[in-house]
Amino acid sequence: MGKFDNYGVINVPEEVFSRMSACPIDVAFRIMGHKFMILILRDLILFRSNRFGDLLKSIEGINKKTLSIRLRDLENNGIIRRKIYSTNPARAEYLVTKKGRMLSAVLEQMAAFSLSFCYEDIFKDKKRRSFKEIVGRPPSSL
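Heads up: the sequence shown begins at 1 in our numbering, then just goes up one per residue.
Source of the hints: derived by calculation from the structure; they are not laboratory data.
One or more of the hints may lead you astray.
[What the hints assert, rightly or not] Derived pair list, reagent style DSS-like, types lysine-lysine, alpha-carbon separation capped at 30 Å: (1) Lys-35 x Lys-64; (2) Lys-83 x Lys-126; (3) Lys-132 x Lys-99; (4) Lys-98 x Lys-124; (5) Lys-99 x Lys-124; (6) Lys-132 x Lys-64; (7) Lys-35 x Lys-99; (8) Lys-57 x Lys-99; (9) Lys-83 x Lys-98; (10) Lys-35 x Lys-127; (11) Lys-64 x Lys-83; (12) Lys-124 x Lys-57; (13) Lys-64 x Lys-127; (14) Lys-127 x Lys-57; (15) Lys-65 x Lys-132; (16) Lys-126 x Lys-64; (17) Lys-64 x Lys-99; (18) Lys-83 x Lys-57; (19) Lys-65 x Lys-98; (20) Lys-35 x Lys-132; (21) Lys-35 x Lys-65.
[Unchecked claim] If you anchor each label on the Cβ, the simulated ranges turn out as follows: (22) Leu-39 x Glu-120: 19 to 25 Å; (23) Glu-75 x Ile-122: 49 to 55 Å; (24) Leu-39 x Phe-17: 44 to 50 Å.
Glycine is no exception: its CB is placed at the ideal position from the N, C-alpha and C atoms.
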């Protein structure tokens, strides 16, 4: 048996499968799989952008309606919460919840994957760089 023969194989007991009503990966994808959702999560969680206007500027191709819908979805799923300031005009910020912060390791691992294997699409000089070179630390573990 080679060293990669069982790499990534998850052995889930049948009694666990029998209690599941849905695939956990599919459930997560239903939350994060909508267009622009990963980029919104990136900005909120990793870049700490928390205002509507900042998100609108940083995500290429998104419009106000789509951003509003995605933020509402994230709020309804408990990933973020909205904080309203009673200023004139009223101002809102979107804050990541504890549940949402759990996604930071997923996003960092996605970035590390791309930096390792898709660097030609990321960097103009087409040279590989590690997550640690870019961020100054290794990606969070899952």
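Here is what the structure says about each hint:
1. Lys-35 x Lys-64: holds, 14 Å
2. Lys-83 x Lys-126: violated, 41 Å
3. Lys-132 x Lys-99: holds, 25 Å
4. Lys-98 x Lys-124: Violated. Lys-98 to Lys-124 sits at ~36 Å, over the 30 Å cutoff.
5. Lys-99 x Lys-124: This hinted pair is violated, its Cα atoms lying about 35 Å apart.
6. Lys-132 x Lys-64: It is violated: about 34 Å lies between the C-alpha atoms, which goes past 30 Å.
7. Lys-35 x Lys-99: Holds, because 21 Å separates the two Cα atoms, which is no more than 30 Å.
8. Lys-57 x Lys-99: holds, 25 Å
9. Lys-83 x Lys-98: It holds: about 15 Å lies between the C-alpha atoms, which stays within 30 Å.
10. Lys-35 x Lys-127: holds, 28 Å
11. Lys-64 x Lys-83: Distance ~19 Å between Lys-64 and Lys-83 Cα, so the pair holds.
12. Lys-124 x Lys-57: holds, 22 Å
13. Lys-64 x Lys-127: violated, 35 Å
14. Lys-127 x Lys-57: holds, 28 Å
15. Lys-65 x Lys-132: Given that 30 Å is the threshold and the Cα spacing comes to 36 Å, the pair is violated.
16. Lys-126 x Lys-64: At roughly 34 Å apart (the allowed maximum being 30 Å), Lys-64 and Lys-126 break the hint.
17. Lys-64 x Lys-99: holds, 25 Å
18. Lys-83 x Lys-57: holds, 20 Å
19. Lys-65 x Lys-98: Given that 30 Å is the threshold and the Cα spacing comes to 26 Å, the pair holds.
20. Lys-35 x Lys-132: Roughly 28 Å between the alpha carbons, so the hint for Lys-35 and Lys-132 holds.
21. Lys-35 x Lys-65: The given pair, whose Cα atoms are some 13 Å apart, holds under the 30 Å limit.
22. Leu-39 x Glu-120: 19 to 25 Å: Once the Cβ atoms are compared, 21 Å apart, the range 19 to 25 Å for Glu-120 and Leu-39 holds.
23. Glu-75 x Ile-122: 49 to 55 Å: About 31 Å separates the Cβ atoms of Glu-75 and Ile-122, which means 49 to 55 Å is violated.
24. Leu-39 x Phe-17: 44 to 50 Å: This hint is violated: roughly 33 Å between Cβ atoms.
When held up to the earlier numbered hints, the structure conflicts with 2, 4, 5, 6, 13, 15, 16, 23 and 24 and fits the remainder.
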